[in-house]
Amino acid sequence: MKWFISPRELRRKGVVGMNQRNADLIAELNPRHLYPLVDDKLRTKQLALEAGMAVPELYGVIETNHDIRHLPRIVARSDDFVIKPAHGAGGNGILVITGRLRDSFRKSSGRMVDLEGVGHHVSNVLSGMHSLGGQPDKAMVEYRVKFDPLFEKVSYQGVPDIRTVVYKGYPIMAMVRLPTRDSDGKANLHQGAVGVGVNMGTGRTGQGVWHNRIVDVHPDTGAPIQGLQIPGWDTLLEMAARCFEITGLGYLGVDVVLDRERGPLMLELNARPGLAVQLANGSGLGERVRLIESLHSEGLSPQRRAALAQECFSGSAQPAA
Amino acid sequence: MKRFHLPLLIMALVAMSLTIFYHKAFNLGFPLTPAQTTNNWIVEARVGFEPTGGAVTARVFIPDQPKGLAILDENFISRGYGLTTGLVGENREAVWTTRQPSGRQVLYYRTTVYQLDRDRRRDAPYPGPVTPPEWDEPYASAAEEVITRVRARSADITSFATVLVRDLKQVPDENISLFVSNSDSDRAKVRTAIDLLAGARIPARMVHGISLTERARDLQPQTWLEVHNTRKWVPINIHDGSVGYPENFLVWWYGDEDPVRLSRARNPQISFAVTQNYMDAIDVAQQRAQVMDSRLMDFSLFNLPVQTQNMYRVLLLVPLGAMIIVLLRNIVGVQTFGTFMPVLIALSFRETELLGGIILFTLIVSLGLAIRFYLDRLKLLLVPRLASVVIVVIMLMLTLSILSHNLGIEHGLSVALFPMVILAMTIERMSIVWEEHGPSDAIRQGIGSLAVAAAAYLLMINPTIDHLFFVFPELLLIALAITLLLGRYTGYRLSELVRFKAFKGEKAP
Numbered sequence: 001m002k003w004f005i006s007p008r009e010l011r012r013k014g015v016v017g018m019n020q021r022n023a024d025l026i027a028e029l030n031p032r033h034l035y036p037l038v039d040d041k042l043r044t045k046q047l048a049l050e051a052g053m054a055v056p057e058l059y060g061v062i063e064t065n066h067d068i069r070h071l072p073r074i075v076a077r078s079d080d081f082v083i084k085p086a087h088g089a090g091g092n093g094i095l096v097i098t099g100r101l102r103d104s105f106r107k108s109s110g111r112m113v114d115l116e117g118v119g120h121h122v123s124n125v126l127s128g129m130h131s132l133g134g135q136p137d138k139a140m141v142e143y144r145v146k147f148d149p150l151f152e153k154v155s156y157q158g159v160p161d162i163r164t165v166v167y168k169g170y171p172i173m174a175m176v177r178l179p180t181r182d183s184d185g186k187a188n189l190h191q192g193a194v195g196v197g198v199n200m201g202t203g204r205t206g207q208g209v210w211h212n213r214i215v216d217v218h219p220d221t222g223a224p225i226q227g228l229q230i231p232g233w234d235t236l237l238e239m240a241a242r243c244f245e246i247t248g249l250g251y252l253g254v255d256v257v258l259d260r261e262r263g264p265l266m267l268e269l270n271a272r273p274g275l276a277v278q279l280a281n282g283s284g285l286g287e288r289v290r291l292i293e294s295l296h297s298e299g300l301s302p303q304r305r306a307a308l309a310q311e312c313f314s315g316s317a318q319p320a321a
Numbered sequence: 001m002k003r004f005h006l007p008l009l010i011m012a013l014v015a016m017s018l019t020i021f022y023h024k025a026f027n028l029g030f031p032l033t034p035a036q037t038t039n040n041w042i043v044e045a046r047v048g049f050e051p052t053g054g055a056v057t058a059r060v061f062i063p064d065q066p067k068g069l070a071i072l073d074e075n076f077i078s079r080g081y082g083l084t085t086g087l088v089g090e091n092r093e094a095v096w097t098t099r100q101p102s103g104r105q106v107l108y109y110r111t112t113v114y115q116l117d118r119d120r121r122r123d124a125p126y127p128g129p130v131t132p133p134e135w136d137e138p139y140a141s142a143a144e145e146v147i148t149r150v151r152a153r154s155a156d157i158t159s160f161a162t163v164l165v166r167d168l169k170q171v172p173d174e175n176i177s178l179f180v181s182n183s184d185s186d187r188a189k190v191r192t193a194i195d196l197l198a199g200a201r202i203p204a205r206m207v208h209g210i211s212l213t214e215r216a217r218d219l220q221p222q223t224w225l226e227v228h229n230t231r232k233w234v235p236i237n238i239h240d241g242s243v244g245y246p247e248n249f250l251v252w253w254y255g256d257e258d259p260v261r262l263s264r265a266r267n268p269q270i271s272f273a274v275t276q277n278y279m280d281a282i283d284v285a286q287q288r289a290q291v292m293d294s295r296l297m298d299f300s301l302f303n304l305p306v307q308t309q310n311m312y313r314v315l316l317l318v319p320l321g322a323m324i325i326v327l328l329r330n331i332v333g334v335q336t337f338g339t340f341m342p343v344l345i346a347l348s349f350r351e352t353e354l355l356g357g358i359i360l361f362t363l364i365v366s367l368g369l370a371i372r373f374y375l376d377r378l379k380l381l382l383v384p385r386l387a388s389v390v391i392v393v394i395m396l397m398l399t400l401s402i403l404s405h406n407l408g409i410e411h412g413l414s415v416a417l418f419p420m421v422i423l424a425m426t427i428e429r430m431s432i433v434w435e436e437h438g439p440s441d442a443i444r445q446g447i448g449s450l451a452v453a454a455a456a457y458l459l460m461i462n463p464t465i466d467h468l469f470f471v472f473p474e475l476l477l478i479a480l481a482i483t484l485l486l487g488r489y490t491g492y493r494l495s496e497l498v499r500f501k502a503f504k505g506e507k508a509p
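For the record, the sequence lines run as chains A and B.
Once you know that position 40 of the first sequence is 40 in this note's numbering, the rest is easy, because the numbers rise by one and skip nothing.
Once you know that position 440 of the second sequence is 440 in this note's numbering, the rest is easy, because the numbers rise by one and skip nothing.
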């Protein structure tokens, strides 16, 4: 087996490359002035709330180093919470606290950290350490998602999420991102998370990809990752489709988590979603984009678009596993 | 229109760049390789005469765009004389005038010429066949006899002239001896040849010139014959009939006239001296551009102060480095820290050389990284932490320099020229990548940055490229065109062929 694939074969499968994504999808469909809507997670959350979408509850926002002293008050009503930068990218700078022991907090990794440590993390966030351009940032303190038991066996430490790629308002491809020991509890594929393709029609998982290799089981837990049925799939797709209306971005990644109690919650949006979703689904984005282009018509409701996408991609989403 | 916008722009840029480049390289003669010298000669004409009283006018022929050579510089040395130059028929002449000369007069004309691969002079069009001269007997029949015999042994105008010249020289024939004798001067021989050629209706003319040889004094002009073969004038050596001027022959004037014509003076004397000279090819081209009054040179880098020039020698290569980055990132898919960090690292390699630079970079970044991780435990804010890293980096550099100096390794000293802010930023970035994406990503990006920097450096230290971009800064337009072209590359990156290899073997759905 050769260690590379020919460009012709890739093109035949409609696989979109980095350069093409940047030129044809992002530059064409995502006007720059709309970026702040998704780059600032606080604004995204407000937009989503206005649209009546379900999101993780916001406990508080810290904007200056001086305000770090309010931290104990913000987190007083909950033993578990998440601190993340409003401008963070790629899951960077997210601190997950799963419990509290008097003045110490337990991180998701199990390590303990004191209040001063949490404060330092917030201060790093504020100074822009995790933000895209290094500009000063805000720290959001949020509800910690208790993920659906469905994923219990197939995730390590972190919270799995479902990334849906939305093209011109049509959800065209989705994957479940499972954190691993490699990814340090994060849900980013390039950091070592497992990406699992999802059948767009049924919401059932297929094969997965880990470090650019095809896998059938979770590398840490050994549990099979195929055939999991994502609950509330139709709602989830509708939610993803609606994000087109609230942002206006033509190429969008919608990250949704499944909360045990509250169902699908919209976590964040991404104006530059990556290409690993193709690997997870064993299918190229290009052909799906072409299909949508062929039946695209203006003014369809998000429900209609989601249903249309489900129809189109139900059969071809997963190669026989 | 929108579709063709970029291709048109790219073509326009390339065309503009190549036009200027061509003009400078081939018309002005700017050298294509560094440290090139050109051969050139200083030719001096010394004109002496004795005035006979009253205002004197001396007309002297001077060269005008000679074949195969180009005039770089001209000087007229003549105290108390008015000077004008102008064209008289095919020749250029200098006219010296003065009102009251006394004693023997000497005037100098000095010119610097150098070899040029191509001719700038355009020959006059074919003058048409000439009318044969009217000879008396026995000359008429002798000439006819000579022409018939020569024609029988020649193929075209050039070979006709060659055969004729050889016959005039060698064959002891009664017909020919009517026209020439062995005691004839070259000038007389050429005159005879022109007459006989006219008998065959071939236009011919007399040419006078100087053979440029090393350190010759008191040269007298040589006389040559030129015949027109209906396309151009062909020079013929009157001594052996060979075609073409020898190398480095400076044509001074055409025709049968004397080079110096005087009024109210006598005993004209003219002699020539030649000195060979080597000059930097760039200087020659610049002087030449000035003589040709080329507007381009107003925009030349050579007019800038030397210090600024040296700065631009480096700066002009940055675009090239940037182009390499585009190539390696967008086409190959190498991961680097930031976009232009590698170019900056490459620039600092210029001071340390490649191997030393890589070792120093690795050493300082790893040490800095270790210290950065330690500082992190102190829970400093971002900006003070960056500042601390800069301070520590400088102390590290200092220590390395002193250590390596004591060990006798001179590379360590040039480390000071490494831009330390760049290093500090690299360390900070690397540590963040290290924390967020893990050591493997950080190391991969670090190696990627170094590899790209090394590639850019190797390109940038190439003396030919350095020279080309400095002498022909218009080549930047080509770099821009290539970058624009790469900017529209939406195909796969080479690294993606590996990344997506999992798609192999499956049937297309």
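In short, the hints are calculated from the structure, not lab data.
Any given hint could turn out to be false.
Below, in silico cross-link-like pairs of lysine-lysine (DSS-like), each with a Cα-Cα straight-line distance of 30 angstroms or less [claimed, not checked]:
#1 Lys501(B) <-> Lys379(B)
#2 Lys169(B) <-> Lys189(B)
#3 Lys67(B) <-> Lys169(B)
#4 Lys379(B) <-> Lys168(A)
#5 Lys138(A) <-> Lys189(B)
#6 Lys379(B) <-> Lys107(A)
#7 Lys138(A) <-> Lys107(A)
#8 Lys379(B) <-> Lys153(A)
#9 Lys379(B) <-> Lys189(B)
#10 Lys169(B) <-> Lys232(B)
#11 Lys189(B) <-> Lys232(B)
#12 Lys153(A) <-> Lys107(A)
Pair ranges (Cβ atoms, derived) [what the hints assert, rightly or not]:
#13 Val421(B) <-> His70(A): 43 to 49 angstroms
#14 Gly491(B) <-> Gly299(A): 33 to 39 angstroms
#15 Ala15(B) <-> Leu49(A): 22 to 28 angstroms
#16 Lys379(B) <-> Ala223(A): 36 to 42 angstroms
#17 Tyr312(B) <-> Thr98(A): 58 to 64 angstroms
#18 Asp103(A) <-> Ser440(B): 44 to 50 angstroms
#19 Glu245(A) <-> Val421(B): 42 to 48 angstroms
#20 Tyr312(B) <-> Ser6(A): 54 to 60 angstroms
#21 Leu494(B) <-> Glu261(A): 44 to 50 angstroms
Ideal placement from N, C-alpha and C gives every residue a C-beta, glycine not left out.
- [ ] State the violated hints by number, sorted upward, taking the hints as numbered earlier in the document.
- [x] Numbers 1, 4, 5, 8, 9, 13, 15, 18 and 20, in rising order.
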